[in-house]
Structures are given as C-alpha cells and as structure tokens.
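Peer 1: Residues per chain, in single letters:
Number of protein chains: 2
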Amino acid sequence: MPSYTAPIKDIQYVLHDLLNISELQTSGYSELDRDTTAAIFSEAGKVAEQVLAPLNLSGDEQGCKLENGVVTTPDGFKEAFEIVKEGEWCALDCDPEYGGQGMPYLVGSIANEIFSSANMAFSMYQGLTHGAYSAIHAHGTDQQKQTFLPNMVSCNWTGTMNLTEPHCGTDLGLLRTKAEPQGDDIYKISGQKIFISAGDHDMSENVIHLVLAKIPGGPDGVKGISLFIVPKFVVNEDGSLGPRNGVSVGKIEEKMGIHGNATCVMNFDDATGYLLGTAHKGMRAMFTMMNEARNGVAVQGLSQAVPAYQAALEYAKDRLQGRDVTGAKNPDGPADPLIVHPDIRRMLMDQKSFIEGARALVCWAATMIDQAHRDNDSDADALVSLLTPVLKGFLTEQGFQMTVQAQQIFGGHGYIEETGVSQYVRDARIAMIYEGANGVQALDLVGRKIGLNGGKTIMGFFDLVKTFIKENEGNEALNDTFLKPLKAASKDMQAAAMYFMQSGIKSPNNALSGATDFMMLFGHVSLAFMWAQMAKVSSNALENGSSDAAFHETKLATGRYYMARQLPATCMHLSRIQSGANTVMELDQAQF
Amino acid sequence: MPSYTAPIKDIQYVLHDLLNISELQTSGYSELDRDTTAAIFSEAGKVAEQVLAPLNLSGDEQGCKLENGVVTTPDGFKEAFEIVKEGEWCALDCDPEYGGQGMPYLVGSIANEIFSSANMAFSMYQGLTHGAYSAIHAHGTDQQKQTFLPNMVSCNWTGTMNLTEPHCGTDLGLLRTKAEPQGDDIYKISGQKIFISAGDHDMSENVIHLVLAKIPGGPDGVKGISLFIVPKFVVNEDGSLGPRNGVSVGKIEEKMGIHGNATCVMNFDDATGYLLGTAHKGMRAMFTMMNEARNGVAVQGLSQAVPAYQAALEYAKDRLQGRDVTGAKNPDGPADPLIVHPDIRRMLMDQKSFIEGARALVCWAATMIDQAHRDNDSDADALVSLLTPVLKGFLTEQGFQMTVQAQQIFGGHGYIEETGVSQYVRDARIAMIYEGANGVQALDLVGRKIGLNGGKTIMGFFDLVKTFIKENEGNEALNDTFLKPLKAASKDMQAAAMYFMQSGIKSPNNALSGATDFMMLFGHVSLAFMWAQMAKVSSNALENGSSDAAFHETKLATGRYYMARQLPATCMHLSRIQSGANTVMELDQAQF
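If you read the protein sequences in the order shown, they are chains A and B.
For what it's worth, my numbering labels the leading residue of the first sequence as 18, then goes sequentially.
For what it's worth, my numbering labels the leading residue of the second sequence as 18, then goes sequentially.
Because the hints were derived from the structure by calculation, they are not lab data.
Just so you know, even glycine gets a beta-carbon here, dropped at the ideal spot from N, CA and C.
When the alpha-carbon atoms are kept at most 30 Å apart in a straight line, the in silico DSSO-like pairs for lysine-lysine are as follows:
{"#": "1", "chain 1": "A", "residue 1": "Lys504", "chain 2": "B", "residue 2": "Lys508"}
{"#": "2", "chain 1": "B", "residue 1": "Lys334", "chain 2": "A", "residue 2": "Lys195"}
{"#": "3", "chain 1": "B", "residue 1": "Lys504", "chain 2": "A", "residue 2": "Lys501"}
{"#": "4", "chain 1": "A", "residue 1": "Lys508", "chain 2": "B", "residue 2": "Lys508"}
{"#": "5", "chain 1": "B", "residue 1": "Lys523", "chain 2": "A", "residue 2": "Lys346"}
{"#": "6", "chain 1": "A", "residue 1": "Lys298", "chain 2": "B", "residue 2": "Lys346"}
{"#": "7", "chain 1": "B", "residue 1": "Lys334", "chain 2": "A", "residue 2": "Lys523"}
{"#": "8", "chain 1": "A", "residue 1": "Lys82", "chain 2": "B", "residue 2": "Lys268"}
{"#": "9", "chain 1": "B", "residue 1": "Lys195", "chain 2": "A", "residue 2": "Lys346"}
{"#": "10", "chain 1": "B", "residue 1": "Lys240", "chain 2": "A", "residue 2": "Lys334"}
{"#": "11", "chain 1": "A", "residue 1": "Lys473", "chain 2": "A", "residue 2": "Lys504"}
{"#": "12", "chain 1": "A", "residue 1": "Lys162", "chain 2": "A", "residue 2": "Lys298"}
{"#": "13", "chain 1": "B", "residue 1": "Lys82", "chain 2": "A", "residue 2": "Lys82"}
{"#": "14", "chain 1": "A", "residue 1": "Lys346", "chain 2": "A", "residue 2": "Lys26"}
{"#": "15", "chain 1": "B", "residue 1": "Lys195", "chain 2": "A", "residue 2": "Lys334"}
{"#": "16", "chain 1": "A", "residue 1": "Lys26", "chain 2": "A", "residue 2": "Lys501"}
{"#": "17", "chain 1": "A", "residue 1": "Lys508", "chain 2": "B", "residue 2": "Lys501"}
{"#": "18", "chain 1": "A", "residue 1": "Lys268", "chain 2": "A", "residue 2": "Lys82"}
{"#": "19", "chain 1": "B", "residue 1": "Lys483", "chain 2": "B", "residue 2": "Lys473"}
{"#": "20", "chain 1": "B", "residue 1": "Lys268", "chain 2": "A", "residue 2": "Lys334"}
{"#": "21", "chain 1": "A", "residue 1": "Lys298", "chain 2": "A", "residue 2": "Lys205"}
{"#": "22", "chain 1": "B", "residue 1": "Lys268", "chain 2": "B", "residue 2": "Lys102"}
{"#": "23", "chain 1": "A", "residue 1": "Lys240", "chain 2": "B", "residue 2": "Lys334"}
{"#": "24", "chain 1": "A", "residue 1": "Lys483", "chain 2": "A", "residue 2": "Lys504"}
{"#": "25", "chain 1": "B", "residue 1": "Lys508", "chain 2": "A", "residue 2": "Lys501"}
{"#": "26", "chain 1": "A", "residue 1": "Lys334", "chain 2": "B", "residue 2": "Lys523"}
Below, a sample of chain A positions facing chain B; criterion: calculated Cβ distance under 8 Å:
{"#": "27", "residue": "Phe212"}
{"#": "28", "residue": "Lys272"}
{"#": "29", "residue": "Thr343"}
{"#": "30", "residue": "Pro351"}
{"#": "31", "residue": "Gln425"}
{"#": "32", "residue": "Gly429"}
{"#": "33", "residue": "Tyr432"}
{"#": "34", "residue": "Ile433"}
{"#": "35", "residue": "Tyr451"}
{"#": "36", "residue": "Gly456"}
{"#": "37", "residue": "Leu529"}
{"#": "38", "residue": "Thr533"}
{"#": "39", "residue": "Glu603"}
Let's have the full structure, built from the sequences with the hints guiding it.
Peer 2: Right, here's the structure in full:
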C-alpha cells in the first residue's frame, strides 16, 4: 500500500518564495507568515498521512453500501471524519460568524490538495459540504444561514449538489425536477437526480441537499431553474432535527473509481424544500460558486498525481532491474534501480515538473480568488475567471496522464490493485468529467472567457508574461532556458487567439474545433510562466548564497525540464487549431 | 451494455483496396480473394458479436475465482469457448500437419482484432495458447510437437507463457526458477512465476505452461536461461492425460481490468518439465516469437479503441444535449444530439482516424510477417522487426487514449461501470504494460532496431515513404493535404534519427532520453503513410466512378483529419528529442 507524505516544503516555497503571500495586500494574508502556514499544513499533513491515507485503498476495495435505504461508508471512514471534524478542518476558510476560522480560500485550497492526495473519495464529503456552504452563504436569507451554516461549517451536517438528471447533465435547461410552491418560500420538490456525490452516508446527522428544480409556470430552459435547500431531515425551529424528509437513495452507482464516496441516485418525492436566492435565478446562484468549485476540481487533478508520483519514485529507487547503459550504478547488487534508466527518468520528471508547476498555478489562482472575494478586486476576478477553465481542464487532464505514467513505472505491478497506483488512475479520471466535462471548460474558455471585458482580460495575461520576460531579459541564468521558450510558447498562444478572432467570426466552429487544444496550450503557457518565475526566485536564492542550494538547484533543473520537454506541445496545439473546422466538421452524421 | 459490430467493410478495404493481398506473391495469399475473406470475417464477426461481446461486461463484473485450488471463469465463458473451438477459430493460421487451417498470419491477426474487440479477457485464453503453440512449433522436437500441438491447435489444451517472477519482469537475467536435470531432456522445475495470464481455468482439459528457468551450473544472467514445457497434467505416451504435475495456482491477482482472464501466481514444485529447444538458449527461443506476440498486443491496443468508439458514436448520436451554435439540427427535439458539437466531433474523429489508420498498419505488418515466415523474405523480416516496437508501443498508447476519449464523450455516464466504456479503458491499459512495457519497446527501437543492418532497414522505410511521395506528387487530390504533411513529418523523423546518430555516439543517454518520443513520432509517420496510401486508393476509386462514393469520400475526409489534427504531434516529439538528455538526467537520485 502506498504511503503519502504531504509536500510541506514545496508548499511553503510556493507561498512564501514565489508568491510572497504575507506581503500581499489581500485581507487576511498578513497573518499568513511562514510559521503559521507551516503549522497549519504540517497538522493537515499529519491527519492526511496518518488518518486518511491508510483508508484509501481499503475504502476503494469496500466501497459504499446501500441496505434498506441506509448508506454505509467503508470501515474507518466514520472515525476518520470525526477526527477531521474535531480538527475543524472543514471550517478553515469559513465565515467566523458561523463558526468558521475565517482564513483565506488559499489556505483551504492547499488543505484540499493535501486531504485529497491522501484520500480523494473521503475528502469529497467535506468538499461538497463546503460547496453547499458557499451557496447558502452567498444566497441564503439570514434565517437560512442561521439554520444551516453552523452545522455545515462543523460538518455535523454535510452538503450535496443536485444538478444532473438521467437525461441531462451539461444541458440543465432540460431538467424536469419540479418545485410546487406551498407559500412562504416553501416548496414540494419531486424528481430524480443522479450522480450525486456524497448523496447519503452514515457520517453526519443530516445531509443538506442543494437541488436545482423548476417552478411550474416559470420560463423555459435554464432561465426557469431555481435552487432549493432540501434537508434529509427537516430542521425544527429550535434547530433540532424533525421528521425525515421525502428524500431517498435509489441506488449507489458502481463506478470506475472514488468507490469510497457514495455516488447516489436521489429520489425526491414531495420533499420539503426552501428556495435559495431568487426564483428562476438558480443557475446564476450556481455560477457564483463556479470558479471556486472548478478550481477545487483542478486541485483534485493535481492531488492524485502527487501520491502516484511519490509511489512511483519510491518504486523506481527500490526496484532493481537492468543496468545503466553508461555503467553500473549498483555494481554490488544484482541490477541497478529503475531510476537510472532515461525513460524512467523521463516519466518521473514529467510528473515532478507538472506537479510543482501545477501547485504554483493553483496557489496563484487562489490568491486571485481571495483578492476578488475578500477585496472586491474586479481585475483579479476577471483573470481568475479566464484561468479557471484552464485550471480545471488542463490540470485534470494532465493530472490523470501523470497517474498513468506513475502506473507505467510499476510495470505489471501497477496493474495489480494491491499496489494502489491503479486507484490513483481510476480516481483521477472523474476529475476530467464532473463539474463541467473538460470539453465544456474548453467551450467556456473559447466561447466566453477569451472575450471577457472585450478581450482585455486575456491581453492582461499576455502583458503579465511579456512584462516578466522584459524585466528579466538581462538575467542570463533565465534567458535561454526559461524566457526564450516562454516567449515562443506565448507567441503560439497569441497566434491561436488571433486565429480565433479572425476565423471564428466567419465561422464559430473554427474556434470551437480548436477549443480543447487552446485550453491545453494555455495550460502549458501558464505552467511555463510559473516555472519561469520559480526559476527567478531560485536563481536569486542561489546568487544570494542560500543555505539550501540543493533545493533551489533542483527547482531550476525541474523547471528546465518542463521548458524543454513539456512546453514544446504548444507547437502541436497551434498547428491543430490553425487547421480550423474543416476536417473536424466535414463528415455528415451518417458518414461516421 | 455496449454492443459490438465487426468492421467487415473497413477490413475488406484494407485487405483488398489498400494491400491487394490476393495479388501479392506471398504463399497462401492467392486464395485470399474478396469472397473468402468476407466469408471468414463475417463468421468471426458473428461469433464475436453474438457469443463473446455479450459476456464482456458480465465477465468483468464476475472475474475469475480460485477455490480449493480450482480456477473458475465467469458464467458463460466455458460454453463460449466450446463454440470458438467448434468453429476452429483457434486453428486459423496453425500448421495443417497438426490440425490447423494453414492460413496466413494476416488472417489470424484480423480475427484477433475482432475477437479481442468483443472480449479481450476471453480472447487471451486463445491468444496465449497460440503463442505457446508457436514456440513449440518453432523449437520443439517432433515428438513434442506430436504430443502437444494437435490439442493446442484445437484449444482442447490451452497454453501460457511463464516469464515474470516477483523480483524480475523486464530483466529476466535475474530469474530464480530452477530446472534440475533428470536425464532424457526431463527436468524438475521449481519456483514461482507471477502475472501468468490464463494461468489456469476450467475451459480446457490441460494447460501447457512454457516456463523460463535456469539449469544449475549454466551461465549467469540471460545467457543461462532455458525454456521448458510444463503441462498441468503429465501426458502419457499414448497421449492420454496422466497424473497432475507439480503445478499449482497460488492466487489470482485483483487487477484494474481484464477480469475475465485469470492472472495467476503459478507455483512450480518439482514439476516435470521438458526442455524446449537448446539448453541455456531459452531467451533466443522466446525472441523468435516476439514480433508475432508484440504485434498481437498491438492489435489489442487497436481492438479496445474499436468498440469504445462504436459505443461513443452511438451515444453521441442519441444523447440530446445543447444546441449546434450554427443553428439547431434537431429543432423539433428538446436539444441537438451531442455529435453536432465540434469538440465531440474532434474526439470522434481522433478515434476514427486512429482506428482506421492503425488497422491498415497492423495488416501491412502482418503481410510482412507472412513474407518473412512463409517465404523467408529477409527484407520483410527486417522491416517488420523495425516496426514491431512502434506498433506495440504506439498503438497500445494511442489505443488506450482513444478509449479515454470515448469515455469522455459519455460524460458522467462513462464513469459508471454499467455503460461498459470504463471497462474498455481498464482493459486497454494492460496492453501498454505487458509483452514488454512500452518504454522497453522504445529502448528496443532506438537501441537496436534503428541500427538494424547498419541502418539500412530504417533507410528502407524512409525510401518507401519518399518513393510514394515522389510517385504521387502530380496528384493534386493528394498533394497539399496528404503528401506535404507526410513529407514534413517524415523529415522530422529523419532529423530525430540523425540526432540520435550524432549525439547518441557521444552519450547513449541522448538517444535513450528521446526513445519514447521517437517511437511516437515513428508511429505518427507510419499512420500518416497508411493514410496517404488509402487516400490514393480512395481518390482513384472516386475518379473511376466508384459506386460507393460516400465510403471513399469518408475515407478521404478521415485521412485529412489525421494529417491536419494528429500528425502535428511530430514537431513536439522532435523538439523534445533534440533537447537531449541534459534535463532528463540532470538530477541526482537524492534530489528527487
């Protein structure tokens, strides 16, 4: 069974060396000095390493069970959830008014990486509660907030998001769940929802479902969708739990992965629901949480790559197989460790350079979410809106591919479930699908985000890159290996954006056919931008005689790998994009 | 549950329009006219569609069981195996002297695609038997052949390959299984083998294990390995089954996929074994079957992409979600089918253009295997030796990625096991690992195959491409869309080969660090070469007023997609290769 070690040192590097968070003007950041974040994440790491990670493989094997309408989580989950609750890990970045710790989203985002790396299926119970918390916090009445939030902040009650129905996922305009008004913002909800993560379980006293439904007589399509709070147990006026609501679990899905999380078919049968926000404006209420939720899934993509890489690295160092062609490295042993072989190195470096670049990107985006939410910074809000589909799409796609690479290093042993790497592959796969499939992210990016603020936001991104390159061109340590490739890749991206503007006007399909490639191209440029900045930080540290030279040299070498070996993907994506829609759309449906 | 339809028309196109097999001079090919191959593959298709495909999902769910030392296959497997045996499908390309039908390898290879598409786990019982048959056929004594082959050709007895041990897979020089001589080429075999596909089961009377082991006192490492025939039941002189041999199943592995195939830990405890071939030359005996076995695994990579694509296509046509941005295509329905969306098209076209190109490449390689084996054509043997690691590595990598794409089209439904696409992903994954992990294929390609015959073989491949381009440059239908991109990609490949020659001499790691990228680059050029030839065939057919114009137009459009949207990967691979070993090998082991 693979173990997991929380990457505290790398996290601290991103927070304090790269982003200098305690010097940012963002509200609440001044308290986040090195010691504070070290203390928080070391504690989170302990819970992750000692409580959650040991339940990952067994949770996958056992899965969740539905018997007589009652959902049971795998052995140990309940006790682990108590520990997480006691540590107030659910409350990290929640509002102190409802018992939260009031920390920035950034802190919650990193804790999410750590917990999710240790046990993705488990951490989803908490993650979905946070999503439901945010929705009620943003759109609820005072009374709703008082009724639901304190118990959700503590995770005494958990939350869910009920969007999908059997016949509609992406296209929610088609949904059929009905909400019949009973007066006083009370409704009777009826319908079936599917794929409801953490839909029911035995770890909390109540489950607070957020449900999208249509009030009869409202507008057609997505404009007639409202959002409702539907608790598993109705909450009495004094806050105690009342009778069971008309909500039941139809079945638990058999899935490819995340077996420890109960993915439920939820049946609503005249269930009592409370309107959240404005009638018919439910989609808008959902969308205000979108950046947060999608960045959360992006973190999941990263999160599975981390323990998969750790396991593969350990295996590559231990497993003796073959000899280094340039001379034996373990001459007294029967063979050299796998890690001497260039193709094994290639896979390890792919993973390492992705993980560290991705973490930097995730944290940078989280700082912008904080700037937007805590300080109403509209530029930060726009930039993170632009980057969100890139983070969600690119990091989950690449994160999955990295788990596949890690599995490959294990050879046949990677295909056997007891090694644990297969689970990372299977768990990581879902992140490419839910919270908007990656194709939908690409569509959002090309169809809406590129044109945000009349294109000013994406121009702002290009300017950031350009300014960084200009400011550092004199730095020889950076120029050839970091700045030049970044400049070339950024040019590819600008050429792609230009192509969309010019040819997309003639035919939107020209833009849409290249949407996924553009998302990937943008992701590579973003990671390269992160690496160039980290290279600057580390080369400065070395110049200033850092006492941790080996660490900074490793950062530089890892960054150089990314620039030389991953970034060249931009030429492929640009070439595909510029080939336009013709070959993509040419066939009639019948010709397939 | 997804259904499967054998792609007979596309197979016939490759065999007769592209490769003109009945006009080739290869022994046995003249009999393979259109009607004959149509009859064979339609019958194979019926068995695959009606008998094997319906057992694929249930076989995955049930898996194999080991109880009291007895292995049970999933419900229905035994009956299905009887049908396959009755149809003599195991005997297709086996030697008539032992009851085979004597057809070319090409025919067996296509049947392999069809059966494996329908049920990969099931078809492996037969596939491994064929591998063991080939080894005994090539290296056995007359008596061994008479004793074992007739029952293996009929699949009354099945076969296995026992190579891997717990501490060694790729590096077989480390193996520990012992063979103590008892005189008369009889040995007592003791040791443990793992990952033995089809290691034991309830579908045949006997299991004939081919086992690599060391005879004490022989040379160290791979030069001291011998190959043995170790039957589950000892065979009496009259051919009847004798006592149970000292072979037992230690356990069945829990795997990510191919659950219907029993992957066994095999324990040999003073088991009676018969030396196959020459003592200490077991590796050579194994290697003579390598091209065949590796091409068989390449076919598996292709084989899972096929039903995954068929399922995704059906879903994309049926599932109504969203509207075509250029105008509703299903205005009377609540939404348009998924297939109207460019990003869905992109994924479908990726799959379609891969599958059809890959099938052409597999069949072309099979014709060379036939030329080499049936007519001792050493040029064909060399070229297929060069191409084999490319087929195995590239087709299994891309085949897997295509199953992931198919799953993506299903959205959340793709992650649920009952849809069946998750199984294609999980089953396809093993093909990248076994029969030499893809990194080992890349090593074989760059370390040995490029230099085959002093580089003449790879130059011969380039000449084939060059000649084709030159001969068709006047053809305007081909020039811009097929020949120019093929020329550019082929140039990238030559530049990569040149880089290896020049810099690999200075440091072999420069070549090895780019091995996987070269394998992928070579694969893309190979598929592009296939597509260019198919484009010629189809544009000629259209010029000649083919009655099936829509079919040929579809071929051309699919080929154009490959050239515009897949082939640009060569620039990325070349760029990575030319960056050399520096960034790959820079870190000390301790720095990871």
